[in-house]
Structures are given as C-alpha cells and as structure tokens.
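Novice: Each chain, letter by letter, is given below.
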Amino acid sequence: MNPILAEIPYWGQSLLRVLGGLVAVLLPAGTIVYVFLFKMMSFMQSRLGPMEAGPYGSMQLFAEVGKWLQKEDIVPERADVRIFKMAPVIVLLSTFLLVVVVPFGPDAWFTDFETGVFYALAVSSVSVLGILIAGWASANKYSLLGGLRAAGQLIAYELPMVLAVMGVVIQAGTMNLQKIVVAQNSGSMFGFDAVGHPYVISQFVGFVIFMIAIQAELTQAPFDMPIAESELVSGYMTEYSGFRFLIFFIGEFATAGVFAMIASVLFLGGWGVPFAWFGWTSIDDIDNWMNIAGPIIMLTKMMLLVFIIMWIRFSYPRLREDQLQRFAWKGLIPVALGNIMVTSILKVVF
Amino acid sequence: MIAQNIGFWIIAATMVVAALRVVTTNNVVHAALWLVVVLSGAAGQYILLAAEFVAVTQVLVYIGAVMVLFLFGTMLTRARIGSDSDLNNSYKKLGIPVATVMLAAMALALIRSFGDEKMPVSDNIVSTQQVSDQIFGPYLLPFWALSFVLLAAVIGAIVLARKD
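If you read the sequences in order, they're chains A and B. If you're matching positions, the first sequence starts at 145 in this note's numbering and goes up one per residue. If you're matching positions, the second sequence starts at -8 in this note's numbering and goes up one per residue.
Worth flagging that the hints you see were computed from the coordinates, not collected in a lab. Do not rely on the hints blindly, as some may be mistaken.
Negatives, chain B to chain A, calculated, CB over 12 Å [claimed, not checked]: (1) 43; (2) 47; (3) 59; (4) 67; (5) 87; (6) 90; (7) 134; (8) 150.
Derived CB-CB ranges, DEER-like [unchecked claim]: (9) 118/B x 332/A: 24 to 32 Å; (10) -7/B x 421/A: 43 to 51 Å; (11) 452/A x 117/B: 48 to 56 Å; (12) 150/B x 485/A: 37 to 45 Å.
Each residue gets a CB set at the ideal place from its N, CA and C atoms; glycine is no exception.
Next up, chain B with everything else stripped away, as it sits in the complex:
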C-alpha cells in the first residue's frame, strides 16, 4: 500500500463521517461547517489524483464562495446557537431510501464496469495549460453556452432582488 492510498482512505473516511454529520446535526451552522469538511476532503482527493487545478477551483468556488454565502445568508436570517428543535426533518423517510438506491446504483455501475481491474498509472499528468487549451479550443462552444446560462442566472437574481 503506497502513501497515496493510505491518504485516500483517511480522507474518504473523514468525508463519510462528516457527510453523515451534515444530515444528523440539529444546528444549521454546524451542518454548513460539516459540509465544508466534506468539500475540502473532495479537494484533497483531487490533489491525490494530481488534478490540482480542479482542487484549487473546488476550494475557491465551494469553500471560499458558496459556503461563505450560505453561512452569510443563514446568519442574517436564522441561526440560533445550540440545537434547533423546529428543523424540518420530515422528509427523512423519503430521503434515506432515495440515498440508498443512489449509492447502490453508483456502486453497481462502478463494479460492473471495472470490477477488479487495476487502472494503469499514467505518467502524463494533465497540466493547467492543457486544460485551458481544451476549453478555449475544441470545447469553446459549450463553454460559451455555459457562460450564457450563468449570465442569465445572474441577471435573473438581480431582477428578483430589485424592488423597484
């Protein structure tokens, strides 16, 4: 077992525990902070896969922006210290089966397609430059399409937020 594998299992175990705490804790801010642990674990896994650009993007977008805005929003509206008794957990009965089925489906798909097959270790690590060459080359059109979707969402948010 090489060091990367040990790292993978430690991070993966932490992520699973943190993910369970996100849905079982009864404080909104605690749930958000456990989600931060899950997301930084994902960034760590990307680093182990030598995808540093994706890892850094994960930190910048999810931890630096999405989670901060999320916490900002909850703290402005409702974020009590201590446990919240009136949290809406009534969808638990529906949520647990759905999550189990999703896990089973993904596990089945992975085992069916790869089984015990070992992936060859690839030497050519994809550099950031290659990623950008791909985005601004063959994938330019999808990139533009995505940009327009984001722009539409931004304008939509402004329209919704403005009172006048």
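Extracted from the complex, chain A is given alone in its bound form:
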C-alpha cells in the first residue's frame, strides 16, 4: 500500500473511500447531464439549451435540483406506500455498490476485489428489482407495464453483457479490475508496446456487444421501451415526483457514468497509461502522481464512451418490443458465444 495512505488510520481511510465514492457517482452524473443532456442534445437540435443560470447555463443543474427538492412528495392513494418509497433507493443503491470495484489509480481504489468483474455484473442486476417494484407499487397499469418491460429487457441484455466480458477475462487471465488495467497497459501487441495492449483492439467484437448491452441496460434510446413516453407516459417512473424522481434521474445518469467507467477499465486500459512510456514494469513501480492523473484519465475515457451512448440515444428511433428481444437472443448472444470460443482457442494457441 501507498506510504501516505498507510499513515491514515483505518476509520480515516474508510471515510475517505466513502467520500470518494460519493464524488465518483455524483460528479460524473452531473457532468453527463450538463454536457450531454443539456448542451449536446440542444446543439444537435439547433438550439442553445439552458443559458440563464450561471455562465453559459452551467448552474442550471443546481437550479433543477433545487426545484425537485421543494416539490411535493406525492404518493398515489392506492399505492403500496412503503415499497413505493423504497424502490428508487434500491436503484441508486445498486449504482453505489457498482462503483465500489472500479479502480481509479494504482492506490486510488475502493476495494481490491478479486472477483471484481463478476461482482459488478451481479450488483448491476439488483437495479432490476427496484424498477420492477417501482412499477408494481405505483398501482398504475402504465407503470406496471413499464416495470415488466424493463425487467424483460434488462434480463435479456444482461446475458450478452456477461458473455462479452468473458472474452476480456479470458485474455487477462483475471477477474480483478485492477489487474485487468495492469494487463492492458503492461502488455504489448507482437512486441509493439507504444500503446500497450488495450482490449478494444483484440476484443473489438466484445467491446461492441458490451456497448450495445449497456445502452439497453441503461434503457437509453433506441432501447427505451420501458419508459416510452408516447405509449406509457413514462413507464415505471410515471407516479414519482419531487426528490424520489430526482433519485431515479440521478440513478440513470450515474449508472451511465459507472458503466462507462467499467467499459473503459475492461476495454480502454482504465486509469493507466502504457507503462512502457515511463519505463514501469509492474504496478509497484508506478509513480505517485498517477493517483492524481489516473482519475482524470479515467474520466476522460468515461466521457468519450458516454458521448457515444448519448450520440446514439439522440439519433435513433425506438425499437419495438419484439425487435428488441429478437436482437438480444438471436443476434447478440450467439455472436458473444462465438467470440468466447474464438478467444479461448486463440488464448491456447498463443
């Protein structure tokens, strides 16, 4: 462990990690909403977006949060009150559980989980539970339909996501996200080590499948059947208002950020720079400044991936329910299985 970090007592380290976790969830969420939802979408539609609050509308988000917080917290009369109130918290909880395994630097991690990838895939499936009971507890047919659509879609797209990650795990030989970062940055392609060995090159099929699957897991268009506003008002979120809607809203964009971080760790080399640039050979040689530079590199890669997600979201029309299911079960899953087979054969050959 880092000598500076080792001097801090255990409770201090834990407190730092909790604060770091809050920053790692809320900062990307806010940035994504402002840069992509407010500004990029506006520019794509030939308008300016919010301009009044703060310079260039940059304080708009705080205004929005203030607005939501002072709204009345309405619960429908026939709703199951306790579960209705619990549901958004479960969704956000799953996001916080997810960020725990993401490494941000050689020492800047929350937990060094040996089965990190597996853990991330497991806790990301907990959010389905929250969405499902949100739809049910609202006592509203549109909400229930939205919840059921969401569950069907999230189960279907979880499989290609798990299978796409498998290729990376086979290549790196570990499920620890930190070791996957090191494996990519200390690796070389046929002796050429100037860019390390980011798996986006050798696992390109896996990368594409993973990005499609997280687009669907985040219920972003073209996979937004669960909240299709022209059919279901806004699906499982219809009855929510005030700060419970805010929790769903933060959850949606924070999860987009965290999934993009996991994608950047798995396929783009995460927080690292190719170790050959500075003559490092293992994780112990890395200079301390990487703990500061690492999170910044990570956020840059995350913004790049979220840009792709949002670009597709603002560009494509919605898929129909049967097209959506057929695409997952008959398209993505067979390709992902083939990818695993080819990867494991090549792993044995080389």
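Based on the hints, put chain B in the right spot on chain A.
Specialist: Chain B in isolation, oriented as in the chain A frame:
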C-alpha cells in the same frame, strides 16, 4: 468478540426475522421481497466466511435472476396491492411441525459433531482460481453431468412453453 462475530449475529437475526415474515405476510410481492432480504443476508454471511465467489454467485443467481423472474411471474398473473385474503395457508398445520423437526435435526447434528469445539482460524483463503481449478480438474465429470441436467431442464421448459 470480534467485529465479524457481531456482524454475523446482526445478519443472522435479520435473516430469521425476514424468514418469518416471508411465511406470515399476506401479500405475495411482500413475501418475495422479504425472501430477497433473507438471500442477501446469506450472501453477507458468505462474505464473512471469506467466500466472495459464492457470495457474488448468490447475488447474481438468486437476487438478480431467480427473484426477479419470480416477481415478474407474479406481477404478470396475480399480484394485488394490499392483503390477499384467499392465500392458501391451509398447510400451516403440516408445515410448522415439519420445519420444527428439520430445525431440531440440524441443530442436533451440529451440536453432536462439534459441541463446544472451536474451529481453527485458517489463513489460506480459497481463491476463485483454486475453485475453478478444482471444478475443471478433478470435478470435471460431475460438472458436465450437472450441465446436462440443466440443459435438459432448459429444453424441457422450451418444449412445455411452445404451443405449436
């Protein structure tokens, strides 16, 4: 008493309360959600035993898949808000004795075999790699057999579900 022991007792108490609520609540969805609490408690206990692979599998399979499918199924067919008066609880008279006998049998077996014996703290925590080496090494044949059982169940489900 070390922190792990305190954690164990808190989780265990929560699990017992939640398990009782599963069978006493009169709403199907509430029962399923209490079952989620029991299952995540079990995952927590696995973590305390340093068996993180088993814990994560517990979350992925039981909470992420089985319970979600269960809730999905009940919500599609019958899941009223509020209490359900026509729930079938008539097997209570049979169920309570059976559960008590099972509890007594397991408690007796554990006390008879271990008593007051303290387990030595083992330093070599089994890593995921060792688990996979065991599964794909000496236990390959049972693993294959299990895979075929699962495959048969999957094909059976498809055959039953298809109308044509």
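Novice: Hint by hint, say whether it matches the structure.
Specialist: Cross-check of the supplied hints:
In this structure residue 43/B is not separated from chain A by more than 12 Å, as the shortest Cβ-Cβ distance comes to only about 6 Å. At roughly 5 Å from the closest C-beta of chain A, the C-beta of residue 47/B falls inside 12 Å, breaking its exclusion from the interface. Not every Cβ of chain A is farther than 12 Å from the Cβ of residue 59/B; the closest lies at roughly 5 Å, contradicting the non-interface assignment. With a least beta-carbon separation of about 7 Å from chain A, residue 67/B fails to lie farther than 12 Å from that chain, contradicting its non-interface assignment.
Every CB of chain A lies more than 12 Å from the CB of residue 87/B, the least distance being 27 Å, so the non-interface label holds. With a least CB separation of 27 Å from chain A, residue 90/B remains clear of the 12 Å interface cut-off, as annotated. Here residue 134/B stays apart from chain A, with its beta-carbon at least about 16 Å from theirs, past the 12 Å limit. Against chain A, the non-interface label of residue 150/B holds: every CB pair exceeds 12 Å, the least being about 17 Å.
For the pair residue 118/B and residue 332/A, the supplied restraint of 24 to 32 Å holds, since their beta-carbon distance comes to about 27 Å. Distance hint check for residue -7/B and residue 421/A: the Cβ-Cβ separation is about 45 Å, which falls inside the suggested range of 43 to 51 Å. Our hint of 48 to 56 Å for residue 452/A and residue 117/B is violated, since their Cβ atoms are close to 40 Å apart. Between residue 150/B and residue 485/A the beta carbons are some 27 Å apart, a value that contradicts the proposed interval 37 to 45 Å.
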